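Chemist: Use the sequences and the hints to build the structure in full.
To convert, count from 1 in the sequence shown and add 34; that's my numbering.
For the record, the hints were derived by calculation from the structure and aren't laboratory data.
Fair warning: this is a prediction, and the values are worked out from it, not measured in the lab.
Every residue, glycine too, gets a C-beta built ideally from N, C-alpha and C.
Be a bit skeptical, because a hint or two may be false.
[To be verified] Straight-line alpha carbon distances no greater than 20 Å define the calculated EDC-like cross-link-like pairs of lysine to aspartate or glutamate that follow: (1) K204 / D239; (2) K258 / D239; (3) K204 / D338; (4) K347 / D322; (5) K168 / D158; (6) K204 / E237; (7) K347 / E320; (8) K347 / E217; (9) K204 / D335; (10) K170 / D181; (11) K295 / D338; (12) K295 / E237; (13) K224 / E237; (14) K175 / E163.
[What the hints assert, rightly or not] Quick list of the computed label-pair ranges, beta carbon to beta carbon: (15) V341 / T159: 37 to 45 Å; (16) Q109 / R160: 23 to 31 Å; (17) E91 / A307: 54 to 62 Å; (18) A307 / E102: 44 to 52 Å; (19) A116 / E163: 22 to 30 Å; (20) L108 / S165: 25 to 33 Å; (21) S270 / V161: 48 to 56 Å; (22) K170 / K289: 44 to 52 Å; (23) D338 / A307: 20 to 28 Å.
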Amino acid sequence: MAKKKGYVFDRDSLSFRRERLTFRAVVKFLAIFATSAITCTLIVYFLFSFFFNTKEEAVLLEQNRAYEEQLPRLQKKADMLADELVYLSGCDSIIYRSIFRSDAPKLDIMRSFSFLGGIDTIPDTRVVEYSAAKLKSLEAKASGVEDNLRAVLEILSACSEFPPMAAPVKGLSPYQVGASVGEKINPFYKVPVFHSGMDIISEADVPVLAAGPGVVSSVTRSMKGHGNMVTVSHPSGYVSRYAHLSSIAVHKGSKVAAGTKIGSVGVSGNAYAPHLHYEVLRDTLEVDPVNYMFASFNVSDYVDMLVISSVTKQSMD
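Modeler: Below is the structure:
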């Protein structure tokens, strides 16, 4: 519907007449008005956002500055962790070669981290291509793992001698593990002394189990030193010792299987509290028992046990 709008001069009649606006003129006027309003709003918004920051933006900017300061330190720590992974990989290879006569499997851990760090900037097609290539690579590695397992099974089937590989206490938690082999603080003398085994914290009278098949080579009953102790000789030159027992359930010459009860946890001898002092020797040399207990743990718990045993500096005997 047309709307009146003012007067216009008619040159033919030399007089003024009222002008009616058409629908198209009204639409054009509204379109120009809306475009101008939106343009002005956007200009004001960008100018305001350029010169002024909201409270949330100020917090984010401060966080970004803090992250920029932390980045060099994190990169240095990442480099240190990479070196530690190389060292641990070498240790794994030594353990695998000594027990399974095979190299430890190689894990591509750092590559996966670098991929995830930039995933938000990678196009979907690249992600799909990378995933497909990674899957193909993993399938090839899985085939290699199967071949290695077959080789390990063949070696084990031809071998009747095994080291002690089970935990000497049933249901052992990684957080029951204390100081392991090395220089530790003695609880009585308060000075660093050599600790020849691993402390396993437990309630008194909890059954102590043989960590592997063997023969009881000695039984010691004493209120000094390691107190009541059982020594089991295993095949391939391995020996396991269980000290500070409250009671002994075997005698010298007894044949035991893995899991056979040989005594109970106690505080006999020089012990600060009820615990089991567990030792493993190979050809008379003391080795770290933490490397011979992985048969009783999953990967996550075993890693926790490795960390706890290495960082604990206070022994219990």
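Chemist: It remains to establish, for every hint, whether it holds in the given structure.
Modeler: Going through the hints against the structure:
1. For the suggested pair K204 and D239, the alpha carbons sit about 13 Å apart, so the restraint of at most 20 Å is met.
2. With a CA separation close to 19 Å, the supplied pair K258 and D239 stays within the 20 Å bound.
3. With a C-alpha separation of about 18 Å, the suggested pairing of K204 with D338 holds against the 20 Å cut-off.
4. The straight-line distance between the Cα atoms of K347 and D322 is roughly 15 Å, inside the 20 Å bound, and the hint therefore holds.
5. Distance restraint check for K168 and D158: the Cα-Cα separation of roughly 15 Å lies within the 20 Å cut-off, and the hinted pair is therefore satisfied.
6. With a C-alpha separation of about 12 Å, the suggested pair K204 and E237 falls inside the 20 Å cut-off, and the hint holds.
7. With a CA separation close to 18 Å, the supplied pair K347 and E320 stays within the 20 Å bound.
8. Restraint check for K347 and E217: the C-alpha separation of about 8 Å stays at or below 20 Å, so the hint holds.
9. At roughly 15 Å between alpha-carbon atoms, K204 and D335 fall within 20 Å of each other, so this suggested pair holds.
10. Taking the CA atoms of K170 and D181, the gap is about 17 Å. The hint holds against a cut of 20 Å.
11. Among the hinted pairs, K295 with D338 is inconsistent with the structure: their alpha-carbon atoms are about 26 Å apart, more than 20 Å.
12. Of the pairs offered as hints, the one joining K295 and E237 holds, with about 16 Å between alpha carbons and a cut-off of 20 Å not exceeded.
13. Among the hinted pairs, K224 with E237 is inconsistent with the structure: their alpha-carbon atoms are about 24 Å apart, more than 20 Å.
14. For a cut-off of 20 Å, the pair hint linking K175 to E163 stands: about 18 Å separates their Cα positions.
15. The hint said 37 to 45 Å for the Cβ distance between V341 and T159, and at roughly 41 Å that hint holds.
16. Between Q109 and R160 the beta carbons are some 24 Å apart, a value that agrees with the proposed interval 23 to 31 Å.
17. For the pair E91 and A307, the beta carbons lie near 56 Å from each other, so the given range of 54 to 62 Å is met.
18. Distance hint check: the CB atoms of A307 and E102 are about 49 Å apart, consistent with the given range 44 to 52 Å.
19. The hint said 22 to 30 Å for the Cβ distance between A116 and E163, and at roughly 26 Å that hint holds.
20. As the Cβ distance of L108 to S165 is approximately 27 Å, the hint placing it in 25 to 33 Å holds.
21. A beta carbon spacing of about 49 Å between S270 and V161 agrees with the range 48 to 56 Å that was offered as a hint.
22. The hinted range of 44 to 52 Å is satisfied by K170 and K289, whose Cβ atoms lie roughly 51 Å apart.
23. Our hint of 20 to 28 Å for D338 and A307 holds, since their Cβ atoms are close to 22 Å apart.
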